[in-house]
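Between the sequences and the hints, there should be enough to build the whole structure, so can you do that?
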Amino acid sequence: MAENKDVIAGIVGVEPGSELAAVVAGRADIMALTQQTHDGALTPVEPGGLSHAERAALACRIAKINDDKDFEEHFEALLEKAGASGDTARIADIWFDGGNNARFKALIRHVDLVAHAPKDATRRDIELLQEAGLTDADIVRLSELVAFCSYQIRVAAGLRLMRGLA
Amino acid sequence: MSKVVHEFTTAIPEWKPYVRPLDLAEASPAQLEALKVTPSNTKVSDYVLVLAHDVETLTHRSPLFNGVMYNKGGLSRAEREIGAVGASIVNRCIYCAAVHASRYNQLTKDESVIAAIFADGTEAEISPRLKAILDFSVKLSKCPSDADASDMQALVDAGLGKDEILDLILSSSLFGWANRLMHTLGEPLAE
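Note that the protein sequences, when read in sequence, are chains R and F. Be aware that the first sequence starts at 9, since it is given in the numbering used here, and climbs by one per residue. Be aware that the second sequence starts at 19, since it is given in the numbering used here, and climbs by one per residue.
Check the hints yourself; a few may be wrong.
Straight-line C-alpha distance at most 16 Å; calculated EDC-like pairs for lysine to aspartate or glutamate [claimed, not checked]:
no., chain 1, residue 1, chain 2, residue 2
1, F, K160, R, D128
2, F, K180, F, E141
3, F, K160, R, D120
4, F, K160, R, D75
5, F, K180, F, D164
6, R, K13, R, E81
7, R, K127, F, D169
8, R, K13, R, E23
Chain F is nowhere near these chain R residues, computed Cβ spacing over 12 Å in every case [stated by the list, open to error]:
no., residue
9, G21
10, P24
11, K72
12, E84
13, S93
14, G94
15, T96
16, A97
17, R98
18, F104
19, G141
20, R171
Source of the hints: derived by calculation from the structure; they are not laboratory data. Where is the CB? At the ideal position from N, CA and C, for every residue including glycine.
Shown next, in the form of structure tokens:
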């Protein structure tokens with residue numbers, strides 16, 4: 009697994025020696041587990057039916073839906089590193105709906121829904137993934153990806169606001 | 019005959035997954051290892067067995083979850099539950115809201131706060147400190163987040179220390195994660 013630097017600390021710009029750095033250090037265990045989950049969701053050793061490139065491209069969409077440029081850039085860098093083919097890279101384009109690729113279409117539809125309005129998700133949304141050929145294990149992998157990214161983006165959003173405090 | 023629960027409640031429903039939980043008989047060594055670190059060893063819930071399909075996140079998720087909700091210092095356990103409830107209301111996760119609202123009630127021996135929140139949401143008449151906590155949690159849980167500098171300042175003005183604010187960010191965000199699993203991968207049922 010890649011030894012990524014702490015993504016949140018980098019994005020928020022927690023300055024070493026600052027008061028915010030000291031507060032965050034009080035929860036160093038949580039921040040380390042957050043980074044480890046990031047690696048498990050974006051670059052797992054065993055990706056199952058969801059490649060690293062697809063994960064990074066879908067995460068780009070999640071960042072865009074959350075209007076978070078810093079995370080968008082971070083996931084774009086992961087996408088580049090994964091060496092995605094043109095088709096897969098297009099998933100990151102928020103205006104792309106999957107086109108003729110039924111599997112992409114199902115992935116994109118679900119990620120957009122759960123990132124933006126999880127309250128509207130129903131049993132039917134899981135059935136649509138199953139009908140597109142996803143296994144139950146891949147459905148859980150996809151769900152963890154969108155759920156985890158939604159968490160990580162919010163932790164960073166909160167820390168940015170903390171950084172703004174005197 | 020059980021029915022799907024659609025309204026917020028403190029009566030904890032049963033959670034029924036839409037996907038097949040992992041069959042323990044088919045679990046890999048890594049899956050068995052990850053399942054060990056869950057709070058209850060005696061009976062693994064269907065929820066955790068569903069999450070075991072993605073062992074590389076589950077391995078870290080369980081200790082992370084326990085740390086955010088229960089580790090020492092910082093925000094009180096009860097107030098972390100309000101962070102969880104705020105997110106669960108935005109995401110309409112009936113199951114998570116029930117579990118964490120009832121935990122708040124148990125910890126505080128006071129049912130009036132949750133009753134007010136379930137009835138009136140962010141308009142609930144609760145103490146200024148709890149209101150600042152609930153408002154921040156609700157706004158951070160929107161997509162995109164709607165929390166701004168004035169909401170952050172409101173936490174400071176309500177007397178929260180920076181360590182407490184960090185814990186609130188973590189518990190609210192954690193339920194942006196948990197709700198997106200619990201509410202999308204299954205449904206809450208009651209008799």
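Distance restraint between R/K13 and R/E23, which requires alpha-carbon spacing of 16 Å or less = Given pair R/K13, R/E23 holds - Cα atoms ~14 Å apart, limit 16 Å.
Below or equal to 16 Å on CA atoms is what counts here, so check F/K180 against F/D164.
-> Not OK: F/K180 and F/D164 at ~20 Å, beyond 16 Å, violated.
Starting from F/K160, check that the Cα of R/D120 is at most 16 Å away, please.
-> 14 Å, holds
Going by Cβ atoms, does R/P24 stay more than 12 Å from chain F at every point?
-> 17 Å, holds
For R/R171, which was marked as not at the interface, is the minimum beta-carbon distance to chain F over 12 Å?
-> 10 Å, violated
R/S93 remote from chain F - nearest C-beta pair above 12 Å | 24 Å, holds
Cβ separation check - R/F104 to all of chain F, threshold 12 Å | 20 Å, holds
Would you say R/E84 is clear of chain F, with no C-beta pair closer than or equal to 12 Å?
-> Since the minimum Cβ distance to chain F is about 18 Å, R/E84 lies beyond 12 Å and the statement holds.
Exclusion check [R/T96 not at the chain F interface, CB over 12 Å] | 20 Å, holds
Separation of R/G94 from chain F, once the least beta-carbon distance is taken, above 12 Å = Check passes; 28 Å lies beyond 12 Å.
Pair hint outcome, R/K13 versus R/E81 [Cα-Cα no greater than 16 Å] | 15 Å, holds
Compute the least Cβ-Cβ separation between R/G141 and chain F, then decide whether it is above 12 Å.
-> Label holds. Min Cβ-Cβ 14 Å, cutoff 12 Å.
Of the hints listed earlier, those the structure fails to meet are numbers 2, 5, 7, 11, 20, in rising order.
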